[in-house]
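First to last, the sequence lines map onto chains A and B.
The first sequence begins at 123 in the working numbering and counts up by one.
The second sequence begins at 5 in the working numbering and counts up by one.
Read the hints as simulated data drawn from the structure, not as lab findings.
Note that the coordinates shown come from a computational prediction; the quantities given were computed from them, not determined experimentally.
One should not assume that every hint holds.
Each computed DSS-like pair below joins lysine-lysine, with the alpha-carbon atoms no more than 30 Å apart [as the list claims (entries may be wrong)]:
| id | chain 1 | residue 1 | chain 2 | residue 2 |
| --- | --- | --- | --- | --- |
| 1 | B | 334 | B | 260 |
| 2 | A | 280 | B | 334 |
| 3 | A | 255 | B | 207 |
| 4 | A | 204 | A | 146 |
| 5 | B | 168 | B | 207 |
| 6 | A | 280 | B | 168 |
| 7 | A | 280 | B | 260 |
| 8 | A | 413 | A | 351 |
| 9 | A | 255 | B | 260 |
| 10 | A | 413 | A | 348 |
| 11 | A | 280 | A | 204 |
| 12 | B | 334 | A | 255 |
| 13 | A | 398 | A | 147 |
| 14 | A | 280 | B | 261 |
| 15 | A | 146 | A | 351 |
| 16 | B | 298 | B | 207 |
| 17 | B | 260 | B | 234 |
| 18 | B | 253 | A | 255 |
| 19 | B | 168 | A | 285 |
| 20 | B | 261 | A | 255 |
| 21 | B | 207 | B | 187 |
| 22 | B | 298 | B | 234 |
| 23 | A | 280 | B | 298 |
| 24 | B | 234 | B | 187 |
| 25 | A | 285 | B | 334 |
| 26 | B | 207 | B | 234 |
| 27 | B | 187 | A | 285 |
Given next are the chains, with one letter for each unit.
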Amino acid sequence: MAISVVMPALEMAQETGKLLAWRKKEGESVRKGEPLLEIETDKAVVEVEAPGDGLLAGVSAEVGAVIPVGETIAWLVAPGEKPPAKARTAVSARRAMGGAAQTAVGAQATVAAKTAVARIAPQISPKARRRAKELRIDIALVPGTGPDGVITAEDVQKFADAKAGAGAVAAQATASGVEPPSPVARLMAERTTQSWTNVPHFFLVREADAGELIAAQRRLGEEAKKSQKSAPTITDLLIALLARALARHPRMNASWAGESIRSNTEVNISVAIAVKDGVVSAVIPKADTLKIAEISALRRELTERARAGRLRPADITGGTFTLSNLGMYQVDAFSAIITPPQAAVLAVGAISERVVAVEGRPVVRPMMTMTLSSDHRVVDGARAAEFLNDLAEAVREPMKLP
Amino acid sequence: MPEMAVRELTFAHAVREALAEEMRRDSRVCIFGEDVAEAGTPFKVLSGLVEEFGRERVLDTPISEAGFTGMGVGAAMTGLRPVVDIMFGDFLTLTMDQLVNQAAKVHYMSGGTWKVPMVLRTTLGATRRSAAQHSQSLHAWLSHVPGLKVAMPSTPYDAKGLLKTAIRDDNPVVFFEDKMMYKLKGPVPEQEYTIPFGVADMKREGEDITIVATSSMVQVALGAAECLEKIGVSAEVIDPRTTWPLDEKTLVESAKKTSRAIVVDEGYGRYGVTGEIASVIAEGAFYSLDAPVKRMGAMHVPIPFSPPLEDVTVPTEQTVFEAARAMCGKG
């Protein structure tokens, strides 16, 4: 039986995905799990695996097209079989979350489906929604000017016109040395602007003594060496400590769901990874239950894939909290921008020797500054402080880590 | 041939002319009601009819709405085509059994053997300082009942054309006239014409918003549309003319064209005509709407006698203008 290939929904607010490339030609044989196409989502450029075995047929989406999630864009058929005459029309984005994501993404998608209870939908008129679909416009990007900020059909039209105009401008600009941003860079620009303008951030800063953390890394590194594995990094240890602290503070692991707070059953840590032209976040799922060695191996694999531009949908979905470590760049401290609908992000600076007072005496200790950015709609200062305090204590005594 | 100037009649005159013409055309047409003969009704709508057609056909009744409405139903069943006059729409309460359980049901329950070709003319509308028992607009009640047709003219032209259709209809028709509109003048051609039921009329063409208005509210909507034009909003005014049968197609098409709709009716907003029409538009034009359909009707209060209070209980040019402006995002 023919298997449909659909535009997967990888994010709760995702309405559309852009098709960047087909990895297989029409008529070519495909095995389940093989990279089939490359799409650009709200977050990153990802590879989508084939949902089954078969010959690629009935390809109805061209490279560059922006396609509503859940829409069938091709079929995998048995030799001699014809693809169904008419591709099923798009199911609603909300329904596509469960169905489409499961078909295309597999096991990891269940994480996305579970946490996708409510999506943050902008207020939009029925006409505007229809027009946006017709014009293939992501409504999350359209500013609303109607009463109470509702997106009207006129807003959608203006956005479409501006986009068309911008395309022309961009084409002209290239000649004069101004280049349009790469997909990753453009997404980064859009998403950070959206978060920074919509999410009420507040920041808590905490210094932690990293002496024992370094000792633990050394100990675990030696153990890894014995079993001929790569040594875990400070980031790996922080992922483990952070995930365990989040399990004790579920509110920090919750999400803002438009008008309510949604708690997440799993602790999935998004790790910010610098790539050539921007930053992407890869997810370590259920990090609170993983051993350091497992976290380390997974994080390494994700980093390699991210830098090679080979992240898969499952690699970027379902994160509930983000860790961003710029320690390797010798940054002392910084504040990070939250990735909605996550409620917080932890920004970690370099571990450096500083003079601190210990029992009334100045001593030199390796210190590390952690800055917690939180969404004030989900957590308040006191709650966030309790979490950060707990985390700082865990950093000070990491020896219990498995 | 030089173009003939169309003559202008008042709303009351147009109603009277329709009655007179139908009474001349069909000897079965007769009038019952309080003060319909020499007095010509308190609104002087029927002046002169008793003189032409005599007391046999223009019959003053006792103050007993239930009684003479029942008499109308019986007369209609047995061969006449009576036009029953209920002075104030508020008194419809007294006629309800005759209208709802008898007139509306007889044709159906007799398997088509009996017909009730009766017209019940009555009034609606506030702002006449007539207090709570003489100012209501209760047409929604009758529009709710299968077996009754409900006409609500908004101009002298429509009044004449619709009333002639009502009299010729073999079904019971309730005919609502806005008591504040009797002196309104408008073009009414000399030549014979009728207006079919269930055909809405575009009173003004526009692009940005549809204002569906009935009876008394049509003039209000047209006034609001003129104000809207000054701020660059082009309003279309649609008058359904009959609430049943209802021209759903025209309503939906106009809303699809403009993407926005306000429904204005002088009846109570709660469970009223506005709700029904708004629902028709929402169902038919949903994917073309840029805003929720707005309803504007009388406040959910007894109509006050106090003039300053009475004036704010019903939609006005100003309130319709404000609502339309907000809906179009013009402040």
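Hint check against the structure, violated hint numbers in rising order: 3, 6, 11, 15, 19 and 27
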